[in-house]
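Turn these sequences into a full structure, and let the hints guide you.
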Amino acid sequence: MTPAYSTDSRVSAGIVALAAIALLIGGAFAGLLFEGTHDFSGAWAAFDPYLLRVIRFTLWQAALSTLLSVVPALFVARALSRHPRFFGRAFILQLFAVPLALPAIVAALGILALYGRAGYFAGVLAVIGGGSWPGIYGLSGILVAHVFFNLPLATRLFLEALQTIPADQWRLASQLGMSARPAFRLIEWPTLRAAMPGVAGLVFMLCITSFTIVLILGGGPAATTLEVGIYQALRFDFDPARAVTLTLLQIALTFIVVLALTRLGANVVGDTNLPVAQRRYLSVNRSETWLNTLLIVLALLFVVAPMAATVMAGLGADLGRLAGEATVRQATLTSVMLAFLSALLSVTLSLALTMARRALALNRRAGRKTVLEHATDTGAGFVLVVPPIVVGAGWFLLLRHVGDVFAIAPVMVVTVNAVMAMPFALRAVRPAYDAASERHERLCAQLGIAGWNRLTLVDWPPLRRPLATAFAFAMALSLGDLGVIALFGSDSVQTLPYLLLARMGSYRTEDAAGLALLLGLVCLALIVAAHWLGKEKVRDA
Amino acid sequence: MPEGVASGLEKGAPVRLDKVSFSYGSHGSYGEAPLVFDVDFATAKINAIMGPSGSGKSTLLNLVAGFETPQSGRVLIGGADVSAEPPSARPVSMVFQENNLFAHLSVEQNVGLGRSPSLRLTEADRAAIAGALARTGLAGKERRLPRELSGGERQRVALARVLVRDRPVLLLDEPFASLGPALRDDMLELVAAVHAERGMTILFVTHQPEDARRIGEHMVFLDNGLVAATGKADDFFAGAGPEAFRRYIGAGAGGAVSRDVARKRT
Chain Y
1 MTPAYSTDSR VSAGIVALAA IALLIGGAFA GLLFEGTHDF SGAWAAFDPY
51 LLRVIRFTLW QAALSTLLSV VPALFVARAL SRHPRFFGRA FILQLFAVPL
101 ALPAIVAALG ILALYGRAGY FAGVLAVIGG GSWPGIYGLS GILVAHVFFN
151 LPLATRLFLE ALQTIPADQW RLASQLGMSA RPAFRLIEWP TLRAAMPGVA
201 GLVFMLCITS FTIVLILGGG PAATTLEVGI YQALRFDFDP ARAVTLTLLQ
251 IALTFIVVLA LTRLGANVVG DTNLPVAQRR YLSVNRSETW LNTLLIVLAL
301 LFVVAPMAAT VMAGLGADLG RLAGEATVRQ ATLTSVMLAF LSALLSVTLS
351 LALTMARRAL ALNRRAGRKT VLEHATDTGA GFVLVVPPIV VGAGWFLLLR
401 HVGDVFAIAP VMVVTVNAVM AMPFALRAVR PAYDAASERH ERLCAQLGIA
451 GWNRLTLVDW PPLRRPLATA FAFAMALSLG DLGVIALFGS DSVQTLPYLL
501 LARMGSYRTE DAAGLALLLG LVCLALIVAA HWLGKEKVRD A
Chain G
1 MPEGVASGLE KGAPVRLDKV SFSYGSHGSY GEAPLVFDVD FATAKINAIM
51 GPSGSGKSTL LNLVAGFETP QSGRVLIGGA DVSAEPPSAR PVSMVFQENN
101 LFAHLSVEQN VGLGRSPSLR LTEADRAAIA GALARTGLAG KERRLPRELS
151 GGERQRVALA RVLVRDRPVL LLDEPFASLG PALRDDMLEL VAAVHAERGM
201 TILFVTHQPE DARRIGEHMV FLDNGLVAAT GKADDFFAGA GPEAFRRYIG
251 AGAGGAVSRD VARKRT
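So the sequence lines, in the order shown, correspond to chains Y and G.
Residues in the first sequence are numbered from 1 upward in steps of one, following full-length UniProt numbering.
Residues in the second sequence are numbered from 1 upward in steps of one, following full-length UniProt numbering.
These aren't lab readings, by the way, just hints derived from the structure by calculation.
Be careful, since some hints might not be right.
Claimed, not checked - The following label-pair restraints were derived from C-beta to C-beta distances:
1. G:Arg147 x Y:Phe86: 31 to 39 Å
2. Y:Arg329 x G:Arg126: 50 to 58 Å
3. G:Ala192 x Y:Arg364: 39 to 47 Å
4. G:Pro52 x Y:Ser179: 33 to 41 Å
5. Y:Ala167 x G:Arg147: 26 to 34 Å
6. Y:Ala167 x G:Asn224: 47 to 55 Å
All residues carry an ideal CB built from backbone N, CA and C; glycine is no exception.
Laid out in structure tokens, this is it:
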């Protein structure tokens, strides 16, 4: 028997949100299936040696990227954990959070500005390589970019794991006179090893679904992944059957990885919360200090250099002329509007799912979870199985028969990005809502505060800040996305990343650098806002 | 007394649990025996509910309040079966040990929610709120936020809301457990005074024998998920309670000795 107050408008809100998400994903699958059955032989014919090469390269680059990100991250995280207090530590950690929301296209440009054929380091690299520097296109470029994104992420995740080691263990270690080596073997390594599968799996997952990096830095058929293959099949080869095959393969691949990840108990979202470093009761000797300093400085340089290059290259562009260009203004306006709507939708969906999950969990008490509760709980995370390109491809194929595919661009950009940002938004909203509900649930039931009254009087004040954090983060993600707009963009609907890609394609490198700076700054401002809003907690009674 | 308050001088309603059974977890999957309550509370009196941890004191209050639903049996308030009613529709108010207030709302708003869950208040409502705040010694603190109040003051706000809600049954779930001895005395006096004015039926769960001895009139003693004994509170403390009760409040005491000790301590 369920409590009498189980009929709850929060559950209805969650059902509406789930239905909207199901429609978006289901529509994409319908498009894929329709196209696949329509032209089955064409889809089957797509299995050629080239396709096998693409699959192999997708896995190979992801495996290498994971290795190159995770192994150094282990040591950087350990170095940071050995020195819980030094000037600039907090700043370094915040800097390591920037790539998480920095648009991939901006990072790719920064890397090209550094290591490209005409990059800042081209001269040095040519001397080292003896002759001319061919630029960083291909596998090497993809790896550098992936490490740029994932080394800081893995470092933060490992550091978070290290900080879960109880202070008493450190006290004990120093009392027993443990030096660095046994302390690593007996205390740090077991923790890191436990965190390893989750972190490595997450990075691997991010690398097999990476689109923008491969598109820009891949530079040719030799270095193409499934995601870029889908895009090329739809936009250049006009080969829908081939796109279906590629998409289904991509779904199967991500599904397997996500399944393995959840088995390993990984946090698929990869957003980290770092507690304030505690006092550590440990003494680090001089040579280790030097080594740790070197490690941290190298990692810092690697992460900062592309950002700095973006700024330098951007300032070299004719920013005044760019700002005056009607196309640029239009694209900026479009970008901001679409990202705003997308963030709004994302936050609304997340809140609805959070409320429904909580209401269902409260009514369930100790019984088994219903399918609906599962859907509102873990189901939301599974949208990561279907990358934006896949959803976009499905709808592209479906709408092709109905009318103008490009006219639907704004709707696709808003909805797909909203759903993709949802796992991140949920991370900000859910703990705050659950904590507030913990305090207020019985009081609300007693006083009969429900529905709209409850939302405005009780839930809104403590949720304002987490919601704003989620909003800013979702907006940054949507603003920088190239996946959906690459499929649906046209001269009439352009966002900043799309315009940036177009300028690169027509070799207007300076313009591209200027636009990258603009885009990067807007996203950075949003991340800083998200961070600031998330940190400052309202004092509670 | 403002109108809104004066109008509610109805006497307390009878509260009865008629063979109510309840267990946490479905189908006893935890292997726990269900709690079974079959008890009549003394109408318009202060009923002290005592018992060891895990004996089901809070569950009993939650069943009366409607936060939990019985697996079988009936919850009767004022003679009517309210087992299927949501908490807000039952003629009860409840004060919890903590989290009685919304942290972001002022004292006045927190009390006002007792009149209107959407905070749309009439002039009569405002007068009732002002009266209740004055009665609980909170005049002048209307605009404060809960974090600007002491622990005792926060519970006073909760009592003020009880006054404006004016329901014939009041449930107190160890509301003064986290207060110091002097503050707790003040609060007990306030509860006794409010009860003298309103005459509602009070169900008061407490761990402190002194609380029950000071204001309790009727005693309901729970043990192992059952109502082990009921009777006049004074009889219980005079040593007439069951063996389990004497064990619970302290070895071999129960009589006049411990009463004197308690008196000296306060």
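Review point. Between Y:Arg329 and G:Arg126, does the C-beta distance stay in 50 to 58 Å?
Key: holds (53 Å)
Practice item. Confirm or reject the claim that G:Ala192 and Y:Arg364 have a C-beta distance inside 39 to 47 Å. Key: holds (40 Å)
Review point. At the C-beta level, are Y:Ala167 and G:Arg147 separated by a distance inside 26 to 34 Å?
Key: At 29 Å between Cβs, range holds.
Check your understanding: So the hint says 33 to 41 Å: do the beta-carbon atoms of G:Pro52 and Y:Ser179 match that?
Key -> Violated - the Cβ-Cβ distance for G:Pro52 and Y:Ser179, about 52 Å, lies outside 33 to 41 Å.
Review point. Is the distance from the Cβ of G:Arg147 to the Cβ of Y:Phe86 consistent with 31 to 39 Å?
Key: The hinted range 31 to 39 Å holds for G:Arg147 and Y:Phe86, with Cβ atoms some 35 Å apart.
Review point. Between Y:Ala167 and G:Asn224, is the Cβ distance one that fits in 47 to 55 Å?
Key: The hint (47 to 55 Å, Cβ to Cβ) is violated, given that Y:Ala167 and G:Asn224 are roughly 41 Å apart.
Hints 4 and 6 from the list above are not met by this structure, while the remaining hints are.
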